[in-house]
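Going line by line, the protein sequences match chains W and L.
Each residue of the first sequence is one higher than the one before, counting from 1 in UniProt numbering.
Each residue of the second sequence is one higher than the one before, counting from 1 in UniProt numbering.
Hints are not guaranteed to be accurate.
Quick list of the computed label-pair ranges, beta carbon to beta carbon [to be verified]:
1. Arg790(L) to Ile4(W): 55 to 65 Å
2. Pro37(W) to Lys230(L): 31 to 41 Å
3. Arg790(L) to Pro37(W): 29 to 39 Å
4. Tyr151(L) to Ala15(W): 38 to 48 Å
5. Ile4(W) to Lys493(L): 56 to 66 Å
6. Pro37(W) to Leu168(L): 16 to 26 Å
7. Ala15(W) to Ser39(L): 48 to 58 Å
Rather than coming from a laboratory, the hints here were simulated on the basis of the structure.
C-beta: ideal position from N, C-alpha, C; glycine also.
What follows is each chain in one-letter form.
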Amino acid sequence: MSVIYFLISISIFVAVFFLYAFIKAVRSGQYDDDYTPSVRMLFEDELVKKETNKNQINITEEKQL
Amino acid sequence: MDTANCFHCGNEIIQKDEVIFDEKRFCCNGCKTVYEIFSQNDLTCYYDFQASPGATPQDIQGKYDFLDNEEIVSKLLEFQENSTHIVSLYIPHIHCSSCIWILENLQKLQQGIVTSQVNFPEKKVRVTFNPEQTSLKKIVEMLCSIGYEPYISLENFDEGKKKVDRTLIYKIGVAFFCFGNIMLLSFPEYFEVEEYWINQYRDFFRWLIFGLSLPTFIYSASGYYVSAWKSIKSGLLNIDIPIALGIVVMFIRSTVDIVFDYGQGFFDSMAGLIFFMLLGKLFQIKTYDFLSFERDYKSYFPIAVTKVLPDGNEEAVQVYDIQKGDRLLIRNQELIPVDGILISQKASIDYSFVTGEAVPIEKKSGDKLFAGGKQLGKVIEMEVLFSVSQSYLTQLWSNDVFQKKVEQQHKTITDKISRYFTPALLLLAFVSFFYWVFIDVTTAFNVFTAILIVACPCALALTAPFTLGNVLRILGSRKFYLKNALVVEQLAKVNSIVFDKTGTITTNEKTSITYEGSELNDFEFKLLKNVLRGSNHPLSRRLYDFIPNQERMEVSSFEEVIGKGIFAEIEGNIIKLGSSQFLKTMTENTHKKTKVHVEINGIYKGSYVFNNQYRKELEQLFEDLSKKYNLYVLSGDNDGERKILEKMLPANTTLVFNQKPEQKLAYINSLQQNGKNVMMIGDGLNDAGALAQSNVGISISENVNVFSPACDGILDASQFGKIAFFMRYAKNAMKTIYMSFGISLLYNVVGLSYAVTGNLSPLVAAIIMPLSTVTIVSFVTIMSNVFANRK
Chain W
1 MSVIYFLISI SIFVAVFFLY AFIKAVRSGQ YDDDYTPSVR MLFEDELVKK
51 ETNKNQINIT EEKQL
Chain L
1 MDTANCFHCG NEIIQKDEVI FDEKRFCCNG CKTVYEIFSQ NDLTCYYDFQ
51 ASPGATPQDI QGKYDFLDNE EIVSKLLEFQ ENSTHIVSLY IPHIHCSSCI
101 WILENLQKLQ QGIVTSQVNF PEKKVRVTFN PEQTSLKKIV EMLCSIGYEP
151 YISLENFDEG KKKVDRTLIY KIGVAFFCFG NIMLLSFPEY FEVEEYWINQ
201 YRDFFRWLIF GLSLPTFIYS ASGYYVSAWK SIKSGLLNID IPIALGIVVM
251 FIRSTVDIVF DYGQGFFDSM AGLIFFMLLG KLFQIKTYDF LSFERDYKSY
301 FPIAVTKVLP DGNEEAVQVY DIQKGDRLLI RNQELIPVDG ILISQKASID
351 YSFVTGEAVP IEKKSGDKLF AGGKQLGKVI EMEVLFSVSQ SYLTQLWSND
401 VFQKKVEQQH KTITDKISRY FTPALLLLAF VSFFYWVFID VTTAFNVFTA
451 ILIVACPCAL ALTAPFTLGN VLRILGSRKF YLKNALVVEQ LAKVNSIVFD
501 KTGTITTNEK TSITYEGSEL NDFEFKLLKN VLRGSNHPLS RRLYDFIPNQ
551 ERMEVSSFEE VIGKGIFAEI EGNIIKLGSS QFLKTMTENT HKKTKVHVEI
601 NGIYKGSYVF NNQYRKELEQ LFEDLSKKYN LYVLSGDNDG ERKILEKMLP
651 ANTTLVFNQK PEQKLAYINS LQQNGKNVMM IGDGLNDAGA LAQSNVGISI
701 SENVNVFSPA CDGILDASQF GKIAFFMRYA KNAMKTIYMS FGISLLYNVV
751 GLSYAVTGNL SPLVAAIIMP LSTVTIVSFV TIMSNVFANR K
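Extracted from the complex, chain L is given alone in its bound form (with noise of 0.2 Å):
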């Protein structure tokens, strides 16, 4: 073991920090602990499935204490009887199997687990315990001690049994199980040999059939009657309109024929045709188990809170059971739940979930503290002002046009063609209906039925499931997880993005500043620092910070020069700070870095490099959406930053700052006024108005399994970059669907031509289907794929 990770978690080693434990070397303290207790209980095959599979575990000193409140726990609890508990658990950490090793180990760990079950997609472990011998708060603590610490949150507390709905696979089974019977009864009639057999048996067969095609026709095609009778009374053409028609004309039809002898029928077809378009609808539901769209405050909001009782005691209380002037104890990372006022002597409140602002606030004793707001440091006491449900947050989230629309005013693609597919259909239908009507009537009746039968759209209707369900699952491999289908199409649409800035185009990591050049000796420090103290400049303002405190000088002169630099005069010596023009010294002019160029008494020093902190890929990703798009960048951070981004970014960005929550929401919103189609790309809580606001809202996230705000979609944000790829692809995801209309189209007039020509037969219906539907499935599929591999 020569690299210099750590063997528990694989984070590099930080030399002063190393600790070595069994020949094995570890990052930290915590990491060695969590090894021990591996090693201990023979768990050391922990090791052995995933290299460095651990996480640090958290400091968690009394974050659980309200585990010790019945009421709380049997809320939490899946199943509970006298000596049997049954609890589903939240782990983000779960993503390897020595995690589902070492989970499903847990009653090697503590007495009274008797078994624990992982849910890997979902991220979740299912222990069933005996609260005689161990408590669900002895069990938290014992999964946080190994780094397994469970999320809960106000969320687990509200929601209720899960009803998972499986409805569409038993209508599958069901489909799948007539298509295929149907066709093997179906075989001897297709080579129509006229035997002694044969025609002795075929009403059984026959009616055996129509007994099979009931089950399909009544109850797996049931939706499909349903969605066509809403977009009737709705005033919409939809495609179901001409698939329900189809089944049912399919089915009379068959079923005239068989009563009368005129022929087998299409049930063959029917059933088919039903399980595959059930299959396309099945394809194209790809879902992320462990992620959620759908977030409001409830998942970032514990469950419970420390109160202080009057006598001085502490108690775990129920957020939604606080009330005011109750006294809360708020401690290190906790989140506050309400409205109150700070009694302690200071806090330094996180607003960054409300406003995006990540620098921490500093408050006082007596000034006001609003719900959302992160605690960062020492415990803190504050006294409640609203209820949980009164607080400005709160308040803000059940605001309507905060919550994401069920449904948007949104066509699909296939409701677009199908509002002149299905007119066209029909009267094409009733044409040919009247023109044979003159000639012979049967064959009227005949041609009618085929031209509907044949038109069935069923590879209209498949291609866009199977193309869009394809395009979910590679956006998902490249960690770009869309909430559904409708969301690709909605992405081709965009013509403006919008981006957050803190989060969003920036890193989380702090800016760094870097010196180059001849060293700087103290004296020198002494002077640079107390020159900048002088400017307001926001460049100044961060070197100011980043050096060391000086002690303070008297600045004889100053002068700043807007746009270039500052030139000051302290005890005789003379400082010149600012760009390369402004001392012009010519060194290279890398627009690309922000410098500041230090020259002091005449002789020019060196140069401070601001990396900044936006994302390395921002630029070229803004030079390459802008040739198509309109760009914004929208900021609840004061205009500091205005220079350097309109150095960075392409001319024609808009950049606003100072945005409220409720304003970035009003901004896209007067945008989609002026006919924008809309992508919002932001990350925290302060964005999620406008998110829902946006035709698109995208959610970005250092961690997927950290929460996001309710949004369409959710990037990595590590593939910040390809979001110019995503929103290409998005776009070829459409021209392919458009080209297997195409397709799709040339089958029917195949099957068409057949079916006005009066020659249809059920066996030419029995190969049209299947092959178009084969043909179309595998095209879009390869299509996307190749597209996917363009760059």
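Looking at chain W on its own, in the form it has when it is part of the complex (with noise of 0.2 Å):
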């Protein structure tokens, strides 16, 4: 029965990385600007296909906002 020992320990010890991982994330900053990221995900490399395909640029992109 002591297998349960050996069980909460790892479940204990993968809870304390998960907290140290948020305090660290919140350290870095990750959770300072909640807005930008969110936008700038949707950015494609516009400039990129700008070159590629010059008249479908108004149809690939989204309107956002």
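Relying on the hints, combine the two individually framed chains into one complex.
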């Protein structure tokens, strides 16, 4: 039955690891700006596309906001 | 594209200024140039994310010359090393995804920029560049040329690295971690199955839970102990005392329980309680990163000005380095940073910052200029009399009363309740203890602790943060930005509202005068102008300025009937000007509109309509507000507008004119002495003192990105008419809090009935606690949204 000691230690260890990861992420400033990244990720590399097919640009563009 | 709006900035195109380029229509050359820059660099995607996202670039000739000064630049830089410089620039125009896109592609526009990153909520762009290939000045000028002019002020110069306080987030993280794990580990005990393996491992589980509860107890909850201790020391009984007491008692009793093997303890409830309360705190904090409520003159002042050296050369010099006797060049739209004497022939200075009076003042050579004025027109030269710190405006600002008090004597609603709650709770605990002591000592201790645990006013403490936090959010989405949750409570208590005149109840647009009636010929214009010359009535003055210049004529007779009109004779022509009663024309008598009727030689010609520059919602708003509040209008101007205002505003409105900034402050103070709770609504720096003195200072702004003085809240000018609604809403928010207090007391009564009878099991506590939290939070959220939708 001592396997329960083992399993619970693992589960606590995993939980502590996540707590550590969370604190580290907060400390690095990841949550300071919660808006810009959400817009930024929708940008594709327009500049490259522009050169390859100039006419279709308006169709493929998404309009946000 | 058949709309007559500019492709770049979206402004309406005036026919004669229209510029057509690349089959697109632009309102001016500036916009066209920006488009050209973008299309040359293959950046026209800028226009795809958002229609007409741009701004017209302003003329910045020479404005940023001070960025050649290395000392200044190094103060502005965030990071500085041989080939890498990083700077954060505040750009008020950032407003849409197109802005983000273009500003993150700056490297395509200028060599030497490595990367640029936008922080949208703060409206800042962080540029990393190589100083060998470009310079800060070039970057700033490039940003200006594409319509994204950064705002650089003295404040940037002084400010050190801002420290971000993230403790609350850490505390919540820790509390959640402990709470979750404790809950999981407590599950076997909840069911109290007397099984072999549970009995076997019970101690292991319990001590593990004890260990897990330590970080929450010691770290996450530390704020409550500190606050409770402070409140005991200052003799106030705030809500943190029963909270801290509850937490400590919970911890001690649970520890005793597991040491002596009485039971599993209340660690789960404790961790959950701390977690939810911290969450409430976080919810209450709603910040508007792009707004600042604590501005002083520094954010208005430029970093540097142009100094004229004795040999005639010009040099950018830091404002703090300006000394008496220096000669300065002030360009169009530049702020005068120090007191001085005008050397150039003429200047026209806009003192609206300091006095609120929007009309520029003409100054002649030798006149004294005060800091805070803005030069309009040509470049002027001045000689410095005082350094920055000794100038009038700065002195005014350093005055203590002009600083918003950090901690006002204000009791929050929760504190008020807890003044009764805390003693009542302690009383109940002790009474039950003494009752049970005679029956059974162990039960007595159990009951005593159970009461403190169950009554630990979790729901009570959550009510206000969640309600006010939600109210802040709702108001924010309606363009009324409040500094913090406290302001909502204060808003609900206000019984007197003081308005500033210029810029607050008036708009910045110039008064327009229109004419209705049969067309006047040139001769009649001439007659009119000459009659008006003799009158001092404010309407006559305005009409006089409105009519183009005419030849002078001899007025043979002139009679002004006060409050009615003018009767005059010029070269045999009889002219009557004035109100409709005076002319006896009996057209419609709409008192809502200010009109001057014209009659020449007995023939009624028509009337000049003064579309007043007051906000159009003004009358309605004052009428609504006058039922519940004492209203005052304070103005820095002379009382020329008194008549008009008296007519427009409800009779019980007090009008006070000729108020200097200090007098405004004193006026507010005297109202407060008379027991009034004053809300001041103002705009310019001239109201800063009054805004700080008032219980609630609201600054009104045509564009919230432009700086406003230190205040408790910033209101977008377009929402002016909704002030009455906001006031009502604040009151309703307080009503919601009271209702929710009722509910949470109900939960306390239920919980206490278990506790007093000595039946509180950890399971009951673990059910009541989250249940009350969830009900309270959802109740206040729903209620505050319901009230928001009610008109």
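Outcome of range test on Cβ distance (Pro37(W), Lys230(L); 31 to 41 Å): Since the Cβ atoms of Pro37(W) and Lys230(L) sit about 39 Å apart, the hinted range of 31 to 41 Å holds.
Assessment of proposed distance window 16 to 26 Å (beta carbons of Pro37(W), Leu168(L)): Holds, since Pro37(W) and Leu168(L) (Cβ atoms, about 22 Å apart) stay within the stated range.
Status of the given 55 to 65 Å range, CB of Ile4(W) versus CB of Arg790(L): holds (56 Å)
Assessment of proposed distance window 48 to 58 Å (beta carbons of Ala15(W), Ser39(L)): Holds, at about 55 Å.
Ile4(W) paired with Lys493(L), Cβ distance criterion 56 to 66 Å: Holds - the Cβ-Cβ distance for Ile4(W) and Lys493(L), about 58 Å, lies within 56 to 66 Å.
Supplied distance hint 29 to 39 Å, evaluated on CB atoms of Arg790(L) and Pro37(W): Once the Cβ atoms are compared, 37 Å apart, the range 29 to 39 Å for Pro37(W) and Arg790(L) holds.
Distance restraint hint 38 to 48 Å, applied to the beta-carbon atoms of Tyr151(L) and Ala15(W): holds (46 Å)
In this structure, every one of the numbered hints holds.
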